[in-house]
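So you can see what is in the structure, the chains are spelled out below.
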Amino acid sequence: MTSPLEQKKIKITGPSVVTGNRTWDGAVVYRTAKQGWSTALSDAAIVSTSDDARALLAESVADDVGAVGAYIAPVELREGGMVKPGNLREHIRSKGLTIDLLPA
Amino acid sequence: MYAYDELDRTLINERVSEFRDQVKRRLSGELTEEEFKMLRLQNGVYLQLHAYMFRVAIPYGTLSSKQLRRLAHVARRYDRGYGHFTTRQNIQFNWIKLAELPDALAELAEVGIHAMQTSGNNMRNVTSDQWAGVAPGEVEDPRIWSEILRQHTTLHPEFSFLPRKFKIAITASEHDRAAIKIHDIGLRLHKNADGETGFEVLVGGGLGRTPFIAKTIKPFVAGRDILSYVEAILRVYNQYGRRDNIYKARIKILVHELGIEKFAKEVDEEWKQMDGGGLTLDHSVIDEVRARFSYPAYEKLPHMPDELKQAAHDPLFERWRKNSVAPHKVQGYSIVTLSLKPVGGPPGDATADQMDAIADLADKYSFGEIRVGHEQNLALPHVAKRNLPQLWKALDRLGLATPNVNLVTDIIACPGLDYCSLANARSIPIAQELTRRFANHDTAEMIGRLHINISGCINACGHHHVGHIGILGVEKNGEEFYQITIGGRADENAQMGALIGPAVPYAEVADVIEDIVEAYLALRDRPEELFVDTVKRLGVEPFKERVYATR
Amino acid sequence: MRLVKNGRITTDLFVHVAEGAELPGDGAILVPAAQFLADPEAVLKHGKVGVIWPNNRDLDDLVPYLDRLAAVALVFPSFRDGRAYSQARLLRERHGYDGELRATGQVLRDQFVFMSRAGFDAFEVKKDADADAFAETVKRYSVFYQPTGDGRVTALNRRMQLRHSESAGQ
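Protein chains in written order, with my numbering: chain A, 1 to 104; chain B, 1001 to 1551; chain C, 2001 to 2170.
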């Protein structure tokens, strides 16, 4: 598997965050502006340039005791500063399964 | 059922201790993720979208009731109360915490369950078919050989870091229910002209980005030579398989690039030099393994018990019996399939409560044994026919008696984008919708045997290439689209399906499948002609026309 | 890097000769394969010689010299690259090599058992903590399913022995 850092050309197309899974329990987490990880998307540090994205990713990947599998994910910025997941995959990671587990 | 002895149990426990130490070193930071990843994969621990996923081994799909209860316990205690049975006869838990895994593994080890090599670049579960040992007409129980191979390839010092994963499947029946032709090594147990038991050995099958049907490398290898021969194949693969590109690293690529003749020559040369290599199996060794498989003390029972005659008046029971009950090699017994494909449900899942209930039913009606099939259903392999009516009532109450085995709603699906970080698109909601569209059992019976396979990405864990109808999730401009193939087969006549046209969006998939089925009903030359045979007879064009006429 | 040999951290008596470099005057040397094969007789005059063999090359060209070599070093460019395990077993079990067999490259604790079983008896261990843990780590397992050249009795054989002693005792 290619490390995200090996992608020299990290190009983002809009506001983005760094996300991964918490090491000890696998919970979905987002990199905060204070070198931490939070399960709340609203706590995530938002980057808008490819350089910033690359830098944020680099320091996130270095913190693999906190979380693993870090990568850059798109978000949508709504009115009032609300942050929403930027694609279906991130929506599922943030909100959970799209299916009913029992026969419906 | 194979009885683990002290040696087997010791090995599992030593493995659990080792993993506990590795997890500790990971959480402390002594091991980086890069160093840890391969170690956790070797214990079946993946990182998925929401959480870690834990794949537990069910060797050749055989479980005792005690083991199934422990799996239920793990589902409750360490996960969210359910598990998913896979296309390789294993079980997956989707919400496990890494920090708790060593404890979960220790609890599983107590009943002889492990997760060794359910992932990683090593030998995976050696699968067979879920009717092994009880199906009529088998040469002998293929699970004996699965167990011999399992032991040989577990923590094998030479082959734990192969170029890529390695999967073996064994069949001992004319009709291949184990899909051996889509495996890295497929073994067909049979007797040669001299009455000797041995294997036709096939190599280089596999799906994914570059699907291949396995080719015969040797028409007959005697049973006593199978370990040395497999070792020769693995050694050639270990040394020459590609390691520069993970998409070209499976043995199927090596076989394809060398050609089967050249590859066979390499293997034969190595095999000759090995000269047995201490791996020639003595009769006594094979008998030793065979002896540790216990079989039920079957009673002498009539072919048609009264209980069955009476229950025949109940049309619902009869419908289930005709669909889900298969002949057993011992008179008076039958093999019962438990459908894990309820209408509207995620295919292949079982709740902890269901698992406990199935364990109880297994104790009562199946000598404490359960089987897992690669179609993601379960089976009770030793049910006395006279008990079928009672069993059916119990299964029906549990939602495990949907009479749809091998029918259009018996869908094989990978977890897809709802769970899996590799996926492009979701597969479970597609499956759920399809079961709703075809929920009418009369309709499903009228359609007949029809295997739908759904994969959420090209890695093909849903085996879509070999589905009668195959559905593959792809991504187009950030939206979920699906490519549809028809005419694939996974059995002894294995072949890949053919694309019927351009990919369709998520919302249209169920409509397209309905159109394909309608086309089949109009085109089949008689009701008994199966979907897959109509496709073979007429090709893709007539289906293509009808489906894309209005699109 | 620490060298572990015969289960203990020891001083490395061998000097790694860099690709294309001149051979040092005396002492034990580990020479890259290409350099060795360019003029094996000249190199062997140095006395204690070992060869570093790449993991993507067949052993055939090395085999004629095995009985004159003090060491063979095999390579794990990444711990995930398992080719050297096959090379090790072939050297020990097929070609009867009994000199020092050294694991180099990315050599980590969790591969020690596999490496020992494959025939390695010397390890250039990447992390000091791993080297310190060597003795304890190789004791992790007491049950082994498959035979290798390490002489350990396999589970199958132990069972057969048990059976025979049971029936003999009857």
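Incorrect hints may appear among the rest.
Said to hold, decoys possible - Residues from chain A shown here face chain B by an in silico Cβ test under 8 Å; the list is partial:
id, residue
1, Ala27
2, Asp43
3, Ile46
4, Asp64
5, Val68
6, Lys95
7, Gly96
What the hints assert, rightly or not - Distance condition first, Cα-Cα at most 20 Å in a straight line; then the derived DMTMM-like pairs of lysine to aspartate or glutamate:
id, chain 1, residue 1, chain 2, residue 2
8, C, Lys2139, B, Asp1021
9, C, Lys2127, B, Glu1541
10, A, Lys95, B, Glu1479
11, B, Lys1272, B, Glu1318
12, C, Lys2139, B, Glu1014
13, B, Lys1248, C, Asp2081
14, B, Lys1037, A, Asp63
15, B, Lys1097, A, Glu76
16, B, Lys1024, C, Glu2136
17, C, Lys2126, B, Glu1030
18, C, Lys2127, A, Asp64
19, C, Lys2127, B, Asp1314
20, B, Lys1262, C, Asp2058
21, B, Lys1024, A, Asp25
22, B, Lys1037, A, Asp52
23, B, Lys1024, A, Asp64
24, B, Lys1024, C, Asp2128
25, C, Lys2126, B, Asp1225
26, B, Lys1272, C, Asp2058
27, B, Lys1218, B, Asp1244
28, C, Lys2127, B, Glu1034
29, A, Lys84, B, Glu1200
30, B, Lys1024, C, Asp2130
31, C, Lys2139, B, Glu1006
32, B, Lys1097, A, Asp51
33, B, Lys1037, C, Glu2093
34, B, Lys1024, A, Asp51
35, C, Lys2127, B, Glu1033
36, C, Lys2127, B, Glu1018
37, B, Lys1265, C, Asp2060
38, B, Lys1037, C, Asp2081
39, B, Lys1024, C, Asp2132
40, B, Lys1097, A, Asp25
To be clear, the hints were calculated from the coordinates, so they are not data collected in a lab. Quick caveat: nothing in here was measured; it's all calculated off a predicted structure. Where is the CB? At the ideal position from N, CA and C, for every residue including glycine.
Cross-check of the supplied hints:
{"no.": "1", "hint": "Ala27", "in the structure": "7 Å, holds"}
{"no.": "2", "hint": "Asp43", "in the structure": "18 Å, violated"}
{"no.": "3", "hint": "Ile46", "in the structure": "20 Å, violated"}
{"no.": "4", "hint": "Asp64", "in the structure": "4 Å, holds"}
{"no.": "5", "hint": "Val68", "in the structure": "5 Å, holds"}
{"no.": "6", "hint": "Lys95", "in the structure": "10 Å, violated"}
{"no.": "7", "hint": "Gly96", "in the structure": "7 Å, holds"}
{"no.": "8", "hint": "C/Lys2139 with B/Asp1021", "in the structure": "14 Å, holds"}
{"no.": "9", "hint": "C/Lys2127 with B/Glu1541", "in the structure": "62 Å, violated"}
{"no.": "10", "hint": "A/Lys95 with B/Glu1479", "in the structure": "18 Å, holds"}
{"no.": "11", "hint": "B/Lys1272 with B/Glu1318", "in the structure": "56 Å, violated"}
{"no.": "12", "hint": "C/Lys2139 with B/Glu1014", "in the structure": "10 Å, holds"}
{"no.": "13", "hint": "B/Lys1248 with C/Asp2081", "in the structure": "15 Å, holds"}
{"no.": "14", "hint": "B/Lys1037 with A/Asp63", "in the structure": "15 Å, holds"}
{"no.": "15", "hint": "B/Lys1097 with A/Glu76", "in the structure": "30 Å, violated"}
{"no.": "16", "hint": "B/Lys1024 with C/Glu2136", "in the structure": "16 Å, holds"}
{"no.": "17", "hint": "C/Lys2126 with B/Glu1030", "in the structure": "13 Å, holds"}
{"no.": "18", "hint": "C/Lys2127 with A/Asp64", "in the structure": "19 Å, holds"}
{"no.": "19", "hint": "C/Lys2127 with B/Asp1314", "in the structure": "71 Å, violated"}
{"no.": "20", "hint": "B/Lys1262 with C/Asp2058", "in the structure": "17 Å, holds"}
{"no.": "21", "hint": "B/Lys1024 with A/Asp25", "in the structure": "13 Å, holds"}
{"no.": "22", "hint": "B/Lys1037 with A/Asp52", "in the structure": "28 Å, violated"}
{"no.": "23", "hint": "B/Lys1024 with A/Asp64", "in the structure": "14 Å, holds"}
{"no.": "24", "hint": "B/Lys1024 with C/Asp2128", "in the structure": "18 Å, holds"}
{"no.": "25", "hint": "C/Lys2126 with B/Asp1225", "in the structure": "40 Å, violated"}
{"no.": "26", "hint": "B/Lys1272 with C/Asp2058", "in the structure": "17 Å, holds"}
{"no.": "27", "hint": "B/Lys1218 with B/Asp1244", "in the structure": "29 Å, violated"}
{"no.": "28", "hint": "C/Lys2127 with B/Glu1034", "in the structure": "15 Å, holds"}
{"no.": "29", "hint": "A/Lys84 with B/Glu1200", "in the structure": "56 Å, violated"}
{"no.": "30", "hint": "B/Lys1024 with C/Asp2130", "in the structure": "14 Å, holds"}
{"no.": "31", "hint": "C/Lys2139 with B/Glu1006", "in the structure": "18 Å, holds"}
{"no.": "32", "hint": "B/Lys1097 with A/Asp51", "in the structure": "34 Å, violated"}
{"no.": "33", "hint": "B/Lys1037 with C/Glu2093", "in the structure": "31 Å, violated"}
{"no.": "34", "hint": "B/Lys1024 with A/Asp51", "in the structure": "35 Å, violated"}
{"no.": "35", "hint": "C/Lys2127 with B/Glu1033", "in the structure": "16 Å, holds"}
{"no.": "36", "hint": "C/Lys2127 with B/Glu1018", "in the structure": "18 Å, holds"}
{"no.": "37", "hint": "B/Lys1265 with C/Asp2060", "in the structure": "18 Å, holds"}
{"no.": "38", "hint": "B/Lys1037 with C/Asp2081", "in the structure": "14 Å, holds"}
{"no.": "39", "hint": "B/Lys1024 with C/Asp2132", "in the structure": "17 Å, holds"}
{"no.": "40", "hint": "B/Lys1097 with A/Asp25", "in the structure": "4 Å, holds"}
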